[in-house]
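Number of protein chains: 2
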Amino acid sequence: MRPLTFSPGPSKISDETYRDIIEASESGVLECSHRSDAFYTLSSSCLTSLRAYLGIPDDYHIHFLDSASTAWHSIIANTVRKKSAHVVAGAFAKKAADASTLLYKEAMVASFPLGTAPDMGNIDFPLDTECITTCYNESSTGVMLTQNDLQALRSAYPDALLAVDVTSCTGAVSLTITDADIWYFSVQKAFGLPPGLGVIIFSPRAYERSLALEETYENLAGMWRWSTFVRTHEAKHGETPQTPNILNIFLLKQQCERFIALGGINAVEQQTREKATRILDMVDAHSMLSHFVTDAMHRSPTIVTIKADPDYVDALMRAASLENITLGAGYGSLKETTFRVANFPAITNNDLDRLIKVVEKTGI
Amino acid sequence: MRPLTFSPGPSKISDETYRDIIEASESGVLECSHRSDAFYTLSSSCLTSLRAYLGIPDDYHIHFLDSASTAWHSIIANTVRKKSAHVVAGAFAKKAADASTLLYKEAMVASFPLGTAPDMGNIDFPLDTECITTCYNESSTGVMLTQNDLQALRSAYPDALLAVDVTSCTGAVSLTITDADIWYFSVQKAFGLPPGLGVIIFSPRAYERSLALEETYENLAGMWRWSTFVRTHEAKHGETPQTPNILNIFLLKQQCERFIALGGINAVEQQTREKATRILDMVDAHSMLSHFVTDAMHRSPTIVTIKADPDYVDALMRAASLENITLGAGYGSLKETTFRVANFPAITNNDLDRLIKVVEKTGI
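Protein chains in written order, with my numbering: chain A, 2 to 365; chain B, 2 to 365.
No lab work stands behind these hints: they were computed from the structure.
Repeated chains share a single entry, so a pair holds when one copy, or any two copies, can fit it.
Below are the SDA-like pairs computed for lysine to any residue, each with C-alpha atoms no more than 25 Å apart in a straight line:
#  : residue 1 : residue 2
1  : K308      : R274
2  : K84       : E216
3  : K95       : E219
4  : K336      : T229
5  : K254      : I23
6  : K95       : A236
7  : K308      : S112
8  : K308      : M283
9  : K254      : S28
10 : K84       : E219
11 : K83       : L212
12 : K237      : S334
13 : K336      : P242
14 : K336      : E240
15 : K237      : T338
16 : K83       : A213
All values reported here derive from a predicted model rather than from experimental measurement.
Bound conformation, chain A alone (with noise of 0.2 Å):
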């Protein structure tokens, strides 16, 4: 029997994607050439019901990765010539900025506490900045930024395109991608899928900015280029460059079908942070845990990050995993003092009724 697992990612798949897997194994697509019309037309479905679940506007391209991780080297080599700059309050936004260094870019980065919320207001980057990043939702702390913070990053600096990391929110948080010139993740999260499978979304503005560098012969990314992703796509649309993640993509299309018909994104986000409330309520109730972001605003709904003695920790995952219940750990510093619950889509009330009963009867 498969263990419960509250991972951050690769995380819960759920029954019906496990369905999906066997469905996709049977009708013979994963044999399919990757340029036949059978897949032009998966992967087509795929981005449009992908663009309508998500709500991304028509003039925004969306593009198949193999990862997110991809992305921060795919957005630093397509957009920056000189400076980027990196707004890091944990590690994965901190990745954005290693990215940037080791294609030998200038990256200013602001640094904020972690488990805070970066203050927008505090940041100090200069004017010509290329491209500045920022982790909507950071997975090592569990701390989720608003719509609020996105906007006055961009009014400071309106020449600079926004990149931002939602890999561990997209799927289960609505967003307004018109914030942003760029959005990027990865479907092993709110999305419930087998790891390896990037999605990035970028705008016409940022698109420019590729064609420009490429003209100058200043564009890093070699035959991932943004525009043979473009062309590609416009030549057949579904259409990629690379023999593609065939079982991942129908996979995707199958769960934001899935999704739209349970009522939409608004309607998974009400249920995320239905389950999220739970949670929460269950460290408010129990003497041993605490919030390990206090600013409640900034909670991320997806990744819910709990403080204990490292001891309540080491008693809570053992005794979790004698209930073949597996457990997010802590992020690197956080390890001892931490741990994570995954509260993506795929998780269900009656999984969280088993996590709650473990931790209740957990003491040390």
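Given the structure of chain A, go ahead and fit chain B onto it with the hints provided.
Using the frame of chain A, we list chain B on its own:
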């Protein structure tokens, strides 16, 4: 019912692999954190089996990419300061040259006619070329090189790294890994898995070149520097920097173990060549068909390209389709006058019986 496909990739998936997909789903491995011991054990075991099956020396590095396409970029970005050179006799060999040009390197190309093997004695690259690429099994034409071809190239340019695209034969054809510095392939060809995983193999000498480029700030791979892969793997055997395609890593491990149990690479190659002989005999026996690759020594056993009048190609494609059989279309400019038969290990003698029956009864 799934059609029987002879498409060169994505290609036929065996019943055993479909059973592995179910097993992976049921085991819970697709929900495992890629920073967990469960994943490290799986990944490490996959690498060990792959090393054993392909006879990869202990000092060669093996790392997972999302596809072989990514390898073109990765090789140029990690190893070329200024000059690369490319032996080209087909569309796939050409892509490595494109990857170099798109990273603003000086890419010299030696071109040979489609359907022929490059004449390695008739190449004049600068002796200070840093990296030479070639395609061992050109999927677009069905030409396969020999070990002699590689050795001739290597001895003429001993200082250059030699990078060999073995995308569409690895797993079905024995290779001597010490013949080159860099090898790469993807799993939806001879390994018969769903698409979405590539593998790159590189020598200590190639790795040192990538480190030297880092030291002089000329390594353009960014966060996908080979050192990132190597150091992550050194921290935990089997660990990957990105969240990888865990399903395909599981399937590749299973496939390697199965191929080893069948008698290893030589036994699999023997079976592949016996099946290829049946296809070649079918061509010889049919008045409307001829071999696109006239030099018998250089005919690929895994991708058989067959020439015919456009009307016949069209009639055969349609006749096959009525029997629920998909043939590989000719590539690019060869589309009207050729078709391709992928003869990977998943193709059985019964599958060939069905193919031969359709071909025998189709005239125009």
